[in-house]
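Enquirer: Per UniProt numbering: the sequence shown = residues 1 to 230.
There is no bait here: all hints are sound.
Computed beta-carbon distance windows for the label pairs: (1) Leu218 <-> Pro95: 17 to 23 Å; (2) Val111 <-> Ser153: 16 to 22 Å; (3) Gly13 <-> Gln109: 45 to 51 Å; (4) Leu8 <-> Lys84: 28 to 34 Å; (5) Ile190 <-> Val41: 26 to 32 Å; (6) Phe14 <-> Ser70: 52 to 58 Å; (7) Leu31 <-> Gly217: 48 to 54 Å; (8) Asn183 <-> Ala132: 20 to 26 Å; (9) Arg138 <-> Tyr57: 44 to 50 Å; (10) Ser4 <-> Ser148: 52 to 58 Å.
The hints are simulated quantities; they were obtained by calculation from the structure and are not laboratory data.
Idealized CB from N, CA, C, for every residue including glycine.
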Amino acid sequence: MYSSIVRLQNTFGFFTTVAFAVACIIAASDLFSARTPSVGVLKTTNVQVVRGRPHYYSSKKEEYAIIRFSLDADLSSLFTWNTKQVFVYVTAEWPSAGGSGSGQNATNQAVIWDSIITSPSADHLANLGPVAMRKLRRSAAGKSIDPSRGRLSINNQRPKYQITHPSSKVANQEDVVLRLHYNVQPWVGILTWNPDEDFLKWKTLKGNLSRKFALPGLKKKDEGKTGTRS
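Produce the complete structure using the sequences and hints provided.
Expert: If you want it as structure tokens, here you go:
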């Protein structure tokens, strides 16, 4: 006769086996859901380079780039019944002066803006106020996935982060581009980023690269006053 402890162990083992099998099926279901995100507009609207200190007590000054941008993208196809939230971020990238042959990174990359888009079933996890929460619940009422989720329309967005370089110099940098990235965080399964190539029904993110632009030089202060007093 089996003891109560052995029976409990067998029941628990059977439950974990079934739960693991169901979790694998749920995770695999994402592979059969089409992901066709696209970007209509990704462009800079204002670019500045300023000098500042990395912290209050520092005597050293660094150059910081402030990049405003506009974005129009449709990431709604990333939301399925297994999507918990989507992490979206924009990076500024430019080539290193020395290149990969000098032992440096071939490309510099820095995040200038990011955002988390939750699915309706995960809205309670977002740090939202009561008014915004009521609007989200109202928009998602009766729908498994709100169609407006993942549709971004941003104009002249101020960056969340100013960017610099280990050399403390970014002024007059050429061949800078903005790139949009995403990271899908499912309820069950692994984190997935935007693929470089098409994979089954998952398509690459089209139009996520802006045109090349240059970081301007620092504004020089007027040296002395012009004109004389009579």
